[in-house]
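Residue numbers (this note's numbering), protein chains in the order written: chain D, 1 to 312; chain L, 1 to 312.
Derived from the structure by calculation, the hints contain no laboratory data.
Don't take every hint at face value.
[As the list claims (entries may be wrong)] In silico DMTMM-like pairs for lysine to aspartate or glutamate, Cα to Cα no more than 20 Å straight-line:
1) D:K185 with L:E291
2) L:K185 with D:E81
3) L:K99 with L:D280
4) D:K252 with D:D280
5) L:K252 with L:E81
6) D:K189 with D:D270
7) L:K99 with L:E81
8) D:K189 with D:E273
9) D:K189 with D:D208
10) L:K185 with D:E37
11) L:K276 with L:E291
12) L:K276 with L:D194
13) D:K252 with L:D208
14) L:K189 with L:D270
15) D:K252 with D:E291
16) L:K252 with D:D270
17) D:K185 with L:E81
18) L:K200 with L:D280
[As the list claims (entries may be wrong)] The calculated label-pair distances, taken between Cβ atoms and stated as ranges, are:
19) D:S53 with L:K185: 42 to 52 Å
20) L:R210 with D:V186: 29 to 39 Å
21) D:M101 with L:S231: 22 to 32 Å
As the structure is a computational prediction, the values presented were derived from the model and not from experiment.
The beta-carbon is built from N, C-alpha and C at its ideal position, and this holds for glycine as well.
2 protein chains.
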Amino acid sequence: MAVQAPSLRIILDWGTTSFRALLVDESAAVLDRIETENGIQSIAGDFLGVLQSAIAPWRAAHGPIPIYAAGMIGSRNGWVEMPYVPVPADAEALAAQVKVMPLPEGGTITFLPGLTDRSNYPYPDVMRGEETQLVGFGLDRDLTVVLPGTHSKWARIAGGQIASFQTLVTGEVFGTLARHSFLSKVAKKPEAPDWAAFLKGVAVVRDDQRPAGLLTHLFAVRTGWLSGALSPAEMTDYLSGIVVASEFREAKALGWYGEGASIAVVGDDDLVEVYKRTADAFGLAVVPAVEDAAVRGCLAIAQIAERLRHKA
Amino acid sequence: MAVQAPSLRIILDWGTTSFRALLVDESAAVLDRIETENGIQSIAGDFLGVLQSAIAPWRAAHGPIPIYAAGMIGSRNGWVEMPYVPVPADAEALAAQVKVMPLPEGGTITFLPGLTDRSNYPYPDVMRGEETQLVGFGLDRDLTVVLPGTHSKWARIAGGQIASFQTLVTGEVFGTLARHSFLSKVAKKPEAPDWAAFLKGVAVVRDDQRPAGLLTHLFAVRTGWLSGALSPAEMTDYLSGIVVASEFREAKALGWYGEGASIAVVGDDDLVEVYKRTADAFGLAVVPAVEDAAVRGCLAIAQIAERLRHKA
């Protein structure tokens with residue numbers, strides 16, 4: 001008979017295009033993982049069925065392990081629409097707003113709330129999932145943290161809380177232009193990142209003394225090629241450099257960092273290196289960060305939520 | 001037997017995705033037109049064959065009519081790569097750089113050059129085709145002219161010449177985000193333009209007192225929907241408003257116009273109305289412009305080129 005190991009938890013990273021489940025112990029070590037392409041948009045609403053069949057082997061081995069889910073699975077298009085906790089907020093504030101749902105086969109799934117910054121212009125800004133990365137990174141220093149992604153987040157940690165944040169649509173602008181634009185029509189995507197081409201794009205934006213914006217700078221992808229300064233193999237990384245540097249330029253103009261500041265770059269994919277190199281090119285010092293911030297943060301919020309429930 | 005009518009000319013507008021030929025008289029009146037989807041990218045280099053079969057009826061009726069071609073057909077991906085004339089330039093400077101190519105069946109095709117602004121950062125800026133619109137609009141006033149498009153051009157007319165210009169990649173950013181982004185995933189495209197939604201997007205960018213840029217403003221498409229301020233039916237036009245207003249904001253920062261200035265909007269499609277309304281929202285006066293500026297300009301350059309050839 002399966003015996004439940006009380007220190008085990010399942011952390012779900014269930015997004016629009018993929019399903020990922022991690023089996024973790026209480027030190028946030030990942031013991032096993034399951035990844036499928038059963039993203040929210042492809043499963044026709046069968047959340048329970050997809051979840052149950054994915055984690056059946058773990059359930060058979062360990063019994064009903066508590067499940068925690070942050071991110072898009074708790075969005076309007078997801079399983080349960082979770083509220084957004086307003087900033088300033090810490091792990092306790094997030095844990096106080098979780099929603100525990102019993103599962104028909106026993107055990108529970110607990111949805112974590114998102115985070116909102118209501119001071120944002122023109123509408124309240126929102127994040128779902130990145131708040132676990134911030135908690136996992138740690139809220140004990142006053143620092144600006146950038147979380148690169150489809151919709152990048154710049155967050156300010158202060159006084160032990162997530163104090164404010166702002167979204168910039170960098171990854172999506174780069175991705176759609178790289179795949180679908182005339183700008184990139186002649187581009188040949190290299191096997192490995194061409195950092196020299198990337199930094200050339202970064203420098204064009206960083207060094208422009210004019211108050212020019214992204215719409216102006218983007219055309220350099222084409223004029224650089226036409227003038228012979230850029231080869232087709234360089235164009236994709238050069239475009240990436242222009243778009244990411246535009247994010248850093250906008251973030252600076254909006255006060256997210258000053259000249260020579262220290263920032264952290266938190267994430268778990270190739271974008272971390274892209275952003276670290278951009279930060280370096282902008283003269284910023286990059287504070288070290290753990291790679292498994294999302295897992296650590298989710299687990300920390302889960303543990304607090306369990307304590308709160310135990311007390312109640 | 002077909003008799004050549006010496007006052008007739010064919011003007012080609014042969015772009016990446018479409019072929020358009022206009023039969024015009026010497027007053028720029030369009031007597032007939034042929035449109036096909038034989039754009040440059042779909043004809044495997046058979047420029048002569050596509051041209052000859054398209055205009056065969058006109059040739060049968062009128063003999064070998066002189067053909068003039070501006071725009072992308074004279075680009076690196078086109079039939080003949082034409083040079084770029086540097087600014088400042090007028091119609092005479094453009095006419096001096098045409099290239100006349102005899103056709104095997106008799107008659108000629110004359111390619112018009114493009115235009116370059118070598119002062120542009122970081123590489124020389126370029127246009128192909130829009131210079132005929134500027135000539136057709138008229139170079140006799142000192143004025144800023146915006147030519148909306150996939151790659152919009154802001155041009156300064158001064159001293160009877162095209163003095164300088166700059167490209168902003170507005171149409172392409174809007175188009176790729178409207179069609180391919182997560183931002184627009186829930187958008188429902190309305191049948192007719194929703195000008196109220198468009199102007200709401202314009203106002204968000206125009207009225208932002210912060211030095212924020214496009215990457216920041218774009219997320220309002222999603223947060224507006226999440227907060228209930230925007231319906232799915234409003235999102236596409238709202239996105240358009242944000243992107244076009246960002247172009248106006250960048251153009252202003254770069255000195256293309258000042259507070260309350262007069263500008264012209266020159267084009268021949270729905271974007272003219274979009275840009276006029278944006279100019280109005282930014283407090284600019286819009287100078288009237290003919291709709292057939294490209295035809296008029298191409299014809300004016302053709303007539304000068306013929307005089308120059310006759311003299312030589």
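Given pair status - E37 of chain D, K185 of chain L, alpha carbons within 20 Å
holds, 19 Å
Would you check the hint for K189 of chain D and E273 of chain D, treating anything up to 20 Å between C-alpha atoms as holding?
holds, 18 Å
Take the C-alpha atoms of K200 of chain L and D280 of chain L, compute the straight-line distance between them, and say whether it is at most 20 Å.
holds, 14 Å
Please work out if K252 of chain D and D280 of chain D have their alpha carbons no farther apart than 20 Å.
Distance ~14 Å between K252 of chain D and D280 of chain D Cα, so the pair holds.
Is the straight-line distance between the alpha-carbon of K252 of chain L and that of E81 of chain L 20 Å or less?
violated, 33 Å
Between K99 of chain L and D280 of chain L, is the straight-line Cα distance small enough, at 20 Å or below?
The given pair, whose Cα atoms are some 41 Å apart, is violated under the 20 Å limit.
Hinted pair, alpha-carbon criterion (20 Å max): K252 of chain D, D208 of chain L. Please report holds or violated.
Roughly 16 Å separates the two Cα atoms, so the pair holds.
Does K189 of chain D pair with D208 of chain D here, judged by a C-alpha cut-off of 20 Å?
violated, 26 Å
Distance restraint between K276 of chain L and E291 of chain L, which requires alpha-carbon spacing of 20 Å or less:
holds, 13 Å
When you take the CB atoms of S53 of chain D and K185 of chain L, is the distance between them in 42 to 52 Å?
Hint violated: Cβ distance 26 Å, outside 42 to 52 Å.
Hinted pair, alpha-carbon criterion (20 Å max): K185 of chain D, E81 of chain L. Please report holds or violated.
Within the cut-off at roughly 17 Å; holds.
Agreement of K276 of chain L and D194 of chain L with the hint, judged by alpha carbon distance not exceeding 20 Å:
holds, 15 Å
Checked against the numbered hints above, the structure violates hints 1, 3, 5, 9, 15, 16 and 19; every other hint is satisfied.
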